[in-house]
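Here are the chains, one letter per residue:
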Amino acid sequence: ETGVTQSPTHLIKTRGQQVTLRCSSQSGHNTVSWYQQALGQGPQFIFQYYREEENGRGNFPPRFSGLQFPNYSSELNVNALELDDSALYLCASNVWGYTEAFFGQGTRLTVV
Amino acid sequence: KQEVTQIPAALSVPEGENLVLNCSFTDSAIYNLQWFRQDPGKGLTSLLLIQSSQREQTSGRLNASLDKSSGRSTLYIAASQPGDSATYLCAVRQETSGSRLTFGEGTQLTVNP
Chain A
278 ETGVTQSPTH
288 LIKTRGQQVT
298 LRCSSQSGHN
308 TVSWYQQALG
318 QGPQFIFQYY
328 REEENGRGNF
338 PPRFSGLQFP
348 NYSSELNVNA
358 LELDDSALYL
368 CASNVWGYTE
378 AFFGQGTRLT
388 VV
Chain B
3 KQEVTQIPAA
13 LSVPEGENLV
23 LNCSFTDSAI
33 YNLQWFRQDP
43 GKGLTSLLLI
53 QSSQREQTSG
63 RLNASLDKSS
73 GRSTLYIAAS
83 QPGDSATYLC
93 AVRQETSGSR
103 LTFGEGTQLT
113 VNP
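Protein chains in written order, with my numbering: chain A, 278 to 389; chain B, 3 to 115.
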């Protein structure tokens, strides 16, 4: 059974650019959620995907968008990057509903 | 709006000590609560999931309790070891929010040899 994997592990982008982060869900899981974790803080919910549709969104602007593919993997896209977007981005997967969530190792995004 | 608070923010103890980490939440309409461990710059490792109908959940040296009505959970770590040094996060899942987790800011634990 493979766990949740994220790519890349580290990324440096320039303000105003666009970035795509990727996540492969754990085998058997059909729901993917994305979180942003600033240094020294707890993760903040961005959105979750189930059946290839966004199903719940946190307090993030529309320049944060995502996709889920038929194999349940997912992408997080961020347009017009700002310095404050620098953070650890975490992906979690579970079976839809209230089941235990498992996280990937994260992608460290630095915006300069 | 659900708010999760963890106390203390940081804790330093000698090896072998038993310790308790606290988590409180403002909205008691939760479905379950999950405790995680996070090593510096890494992802989250799930430690325990406790359902709202449960009072306790145990895994090895870890024991989590939940008092839903008072909005509190504790994570008890027995006989702490230097390898337990990490940030511990609690997260709640609302009855109406599906898979969404609301996190506290964590307790940074240091266990000194």
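Do not take every clue at face value.
[What the hints assert, rightly or not] No farther apart than 25 angstroms at their CA atoms in a straight line, the calculated lysine to aspartate or glutamate pairs in the DMTMM-like style are these:
(1) B/3 <-> A/377
(2) B/44 <-> B/5
(3) B/70 <-> B/29
(4) A/290 <-> A/362
(5) B/44 <-> A/377
(6) B/3 <-> A/331
(7) B/70 <-> B/5
(8) B/44 <-> A/359
(9) B/70 <-> A/377
(10) B/44 <-> A/361
[What the hints assert, rightly or not] Listed next, the stretches of chain B that the computed footprint assigns to chain A, with coverage defined by at least 3 CB atoms under 8 angstroms from CB atoms of chain A:
(11) 29-36
(12) 46-60
(13) 65-75
(14) 87-99
Calculated from the structure, these hints are not laboratory results.
The C-beta atom is built at its ideal place from N, Cα and C for all residues, glycine as well.
Hints versus structure:
no., hint, in the structure
1, B/3 <-> A/377, "holds, 22 angstroms"
2, B/44 <-> B/5, "holds, 24 angstroms"
3, B/70 <-> B/29, "holds, 9 angstroms"
4, A/290 <-> A/362, "holds, 10 angstroms"
5, B/44 <-> A/377, "holds, 19 angstroms"
6, B/3 <-> A/331, "holds, 21 angstroms"
7, B/70 <-> B/5, "holds, 14 angstroms"
8, B/44 <-> A/359, "holds, 23 angstroms"
9, B/70 <-> A/377, "holds, 18 angstroms"
10, B/44 <-> A/361, "holds, 20 angstroms"
11, 29-36, "holds (count 3)"
12, 46-60, "holds (count 4)"
13, 65-75, "violated (count 0)"
14, 87-99, "holds (count 4)"
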